[in-house]
Amino acid sequence: MRRRATLFKRLGDSVIEQLLLRGCAIRRGGRLLFEGVDLSLRRGEACALTGPNGSGKTSLLRAVAGLVRLEAGEVAFGDLDSAEARGEGLHFVGHADGLKSSRTAREELAFWTRWGGGTDGAVREAAEALDLVRLLDLEVRRLSAGQRRRLALSRLLAAPRALWLLDEPLSPLDARWREGFGVLMARHLESGGMILAAVHDPLPVAAKSLEIIG
Amino acid sequence: MRRRATLFKRLGDSVIEQLLLRGCAIRRGGRLLFEGVDLSLRRGEACALTGPNGSGKTSLLRAVAGLVRLEAGEVAFGDLDSAEARGEGLHFVGHADGLKSSRTAREELAFWTRWGGGTDGAVREAAEALDLVRLLDLEVRRLSAGQRRRLALSRLLAAPRALWLLDEPLSPLDARWREGFGVLMARHLESGGMILAAVHDPLPVAAKSLEIIG
Amino acid sequence: MSRLSALLVRETALAWGRGGGPLVTVGFYAGVATLLPLAIGPEPERLAAIAPGAAWVALALASLLSLDRLFERDYEDGALDLLTLSPTPLELTCFLKCLGQWLATGAPLALAAPIAAIALGAKPDLAPLIFACALLGGLAFAFTGGIGAALSLGARRGGLLTAVIVLPLFVPPVIFGGGALDAFASGLPWSSGLALLGAYAAMSVAIGPLAMAAACRNALS
Amino acid sequence: MSRLSALLVRETALAWGRGGGPLVTVGFYAGVATLLPLAIGPEPERLAAIAPGAAWVALALASLLSLDRLFERDYEDGALDLLTLSPTPLELTCFLKCLGQWLATGAPLALAAPIAAIALGAKPDLAPLIFACALLGGLAFAFTGGIGAALSLGARRGGLLTAVIVLPLFVPPVIFGGGALDAFASGLPWSSGLALLGAYAAMSVAIGPLAMAAACRNALS
Amino acid sequence: MNWAPAFLSNPERFMAFSRWAAPMFGVIAAILAAVGLYLGFTAPEDYQQGQTVRIMFIHVPAAYMASFVYVCLGGASFLSLIFRHALADAAAQAAAPLGAGFTLLALVTGALWGRPMWGAFWVWDARLTSVLVLFLLYVAYIALRASMDDEVKAARAGAILALVGAINLPIVHYSVDWWNTLHQGASVFKRGGSSLAPVFLQPLLIMALAYTSAFGSLWLVGIRGEVWRRRAEAAALRAARS
Ligand code: HEM
Ligand SMILES: Nc1ncnc2c1ncn2[C@@H]1O[C@H](COP(=O)(O)OP(=O)(O)OP(=O)(O)O)[C@@H](O)[C@H]1O
Ligand SMILES: Nc1ncnc2c1ncn2[C@@H]1O[C@H](COP(=O)(O)OP(=O)(O)OP(=O)(O)O)[C@@H](O)[C@H]1O
Ligand SMILES: [Mg+2]
Ligand SMILES: [Mg+2]
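Read top to bottom, the protein sequences are chains Z, H, X, S and V.
Position 105 of the first sequence, counting from 1, maps to 123 under our numbering, and the rest follow consecutively.
Position 205 of the second sequence, counting from 1, maps to 223 under our numbering, and the rest follow consecutively.
Position 117 of the third sequence, counting from 1, maps to 217 under our numbering, and the rest follow consecutively.
Position 184 of the fourth sequence, counting from 1, maps to 284 under our numbering, and the rest follow consecutively.
Position 27 of the fifth sequence, counting from 1, maps to 30 under our numbering, and the rest follow consecutively.
Chain Z with its partners taken away, still in its complex shape (with noise of 0.2 angstroms):
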């Protein structure tokens, strides 16, 4: 509990209360992808959304992010601008992490802690929290797939911010830690956070769910 009182302490002043997709289509390459998406996300909220491949999961919570527009519908972040909001209250973990493989871990982590944000002692917490501490002087190279999905994942943890974007979050993470992700997850939502995560297989934590049929 203690710990949890200082990961998922106040969100800041650009807390997201609620999201919502409104009539979202989205076009890629000439062919338009789905339309008519709805969404509302509440803090507390979690939303699996699945789907085919192809059939946009990515490019939904891409659009969501500001990443990619929108073809038409809206998304809207509560009341809160949505530049503001993008720029401060969500975080997006994809695919493509954006770790340097020449890097340690360490010097990845605090960077992109700073970047969100976050101080030196969230650093730390955050890399706890991921069991990271032994691999932090390691190059990311070196790193095995799950060590560097986690490494990944502990930017939630190191600045917290209320929506959080996550494209398969799961994948490469062995049972363990699938099941502590999921602890995590459990402690977002509780403490007031929203997560939009694509997945194939069901979520860890109570969600609704989002289907887009391609």
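Everything hinted at is true.
Looking from chain H toward chain S, a few residues come up when the C-beta cut is under 7 angstroms (computed): (1) GLY112; (2) ALA114; (3) GLY116.
Please keep in mind that the hints were generated in silico from the structure rather than gathered at the bench.
Just so we're clear, the structure is a prediction, and the values are computed from it rather than from any experiment.
Beta carbons: idealized from backbone N, C-alpha and C, even for Gly.
Starting from the known structure of chain Z, arrange chains H, X, S and V with the ligands on it as the hints suggest.
Chains H, X, S and V with the ligands alone, transformed into the frame defined by chain Z:
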């Protein structure tokens, strides 16, 4: 059945009859990952390599492929010379899939088919078997995670080889394709192939299991 | 502020890695400056005449060499996505990226330039001017070069496409700097060349980040 | 045979992509050759004297620019693993990679070199010799450059490290070729320089692949 | 001129306008070129330059067009960047090869003229070099667009490059003032009136107008072609989907 006859036709002269690991040990970065790993895999058998993150599954697969040196023990491919067996008898599909994001799927598949000794006909059949035909003219960077994995897996079919070394082959695939690839694996085993796959979930075919304890 | 300084440190470290630290940078410079006389022949007069210019061209080319991966790596491994998702405007991020690039490679090269020129036979009193030109020129090269690097993101032909975009943008500073050096060597007034170089550098620092940010957003979407 | 030709085609296509096709390659060359006179000043005599040498150095630098990703991409995306897993010896694979590199960039650059030299004021009768030197030199640059690219795989300092490893290896061909051009221009016997260049190119083609294959195996394991 | 982009921003209106405007400009260009060349070749020989002065009627308007087309390219790029307007982008795309062509013409005729005048086809002076840079910029623009598959991205990337490259325009123009060069300083448009004799000035101005309207005609044709190509592509996509 017609398709099977062509896809899994004669495996050529360099057929690995048996994969034998005896007392294998691997050291990475000064640490002994595991030792005393034994395995015997005969034609028609599959083996699921399991173990926690960082236990050395990927390292073991790479050692079988000859890409990583063993600290102790040996790998034998029946009575085949191991250079020959590695050159012509096995396929390796890892996390890093060797696909160039700026080239089209067709170019990549055609090249790797040729490189493995397959023919143009095999390219077409492999693309059909993994439902890639529609995607062949896209650049690889535009493929979704599951589509890209299917492209990497299609190399297995494009040039028939006895031993498949797979590193978490199923993770970004959707439910339909996990099953679909299970069917392809079953066919490969039926026609006398062998599969050694590192996984965190059970394999969709009947398989031995080898657990690595980190 | 801590966010920005962390970015600057990271970019400098990455550029240092790409560029390989001072030893490597200066080694490269020395190598280029040695190749030229070897190709041209060792007559001292001929060499001394072209020495400052050669050092100057080597600077442009060295900048070019270390530039093309300024954005590409971040683009391919997803770091650019995360850099965009921040309250820091992307323009400022791009500015800091280029600044880091300049600190890690431009500044050491500027220190090496006078030495290389004198080794080639230039008069020692040219050294301060060469240093000033190299410092300003490096800034201009880093910021205009960044534009090329950002524009060729996601293009089918990375690499030399950057070079083709960047070289026309490198030409004006090369002219200005070369003109100033030439004028100084012949005892003519040289300050206008230096002033133009400074103006060009200032303009690239001002406009570059805008163009880079627009190009990055475009590549990501 | 079909496996090898497929590899050669792929490597040529990738290098072409890295290098950006003839338009881009030649445009780059033109750009580099443009910078030099700008930095040195436009006096025709001075320029004509250094023209062949400058074209020659530009060739070395252009080769350098396109080299550093010869192996790195394949290393990072896992293609090098798959290229190793083949009955084709890794030495032959490396040879074909360099050959593809040379076909896609060295050969077009060799065509452009005489044109650039003449534009800078070299005498037109130098053209065939420049072409021959550029052709052989390009071969030497591709194969020695490949060694540097392979050696710096997985090193903490990639990029310019390649350059530093490679530049010393580039020096002999630059001297031989520059010497031959200089001798020809002054009416002296020039064939020995060309012969030495050819010998060096032949040696790099013979030894380069062995060194590259060893370096790749080392980086992978 | 402010109404022009607004008026033409509607593709239907543009297509209707260009249908008759393109051939009209073409005819005007042909007439003006005939008159200009006639006057040019009947003008007296220059006492210094002899017959070679006649290259001027080809060279100077081409050099002026090289910059002018870039201004058009920059303007169209600006509009396409700000308003994301497809027609403006088509205009930019169509302008680039024309600009490259005019620049190449200026370079080649200048080089041919330089041989008798300066004794060399090429010298590395600031004006010549900056025109070469202009040419390289056009090439870079074309190469950049050609190497991106996604039309929208290619359009925006190209527009950014075009605007950044506009830095070179003042350098082209003022190069003769900033450096003492071999190349002629401004003599046609000059404070205090032209220093050129009217027998040379008249055909020169007529040729400039001819070049301009030829460009207008070719540009409109190019934009129309671009619009058609995009319509055909959209139709093909629709057909493929249904
Ligand atoms: C490749 C070589 C040359 C290039 C690239 C070139 C380029 C140009 C340019 C850019 C302009 C000015 C257009 C403007 O201000 O908007 C121009 C104008 C002119 N050029 Fe050239 N030029 C070349 C060679 C020559 C030669 C050899 C001569 C003859 C001596 C010449 C005579 C002129 C004249 C008389 C003008 C008109 C000047 C004025 O009234 O503004 N050019 N040229
Ligand atoms: N940049 C792009 N250009 C063109 N098409 C694209 C681009 N990115 C994605 N696509 C296409 O859009 C579709 C959806 O891709 P997306 O990555 O969103 O799928 P996904 O639902 O995440 O699939 P997966 O489960 O395989 O990860 C795919 O068919 C893909 O080919
Ligand atoms: N090149 C290397 N240098 C040093 N250590 C390495 C290197 N590669 C891997 N390791 C270490 O070896 C261990 C095993 O790595 P490996 O990738 O084989 O694990 P794994 O079983 O595949 O794990 P995962 O399930 O996460 O993929 C890890 O702890 C990793 O940090
Ligand atoms: Mg996806
Ligand atoms: Mg693994």
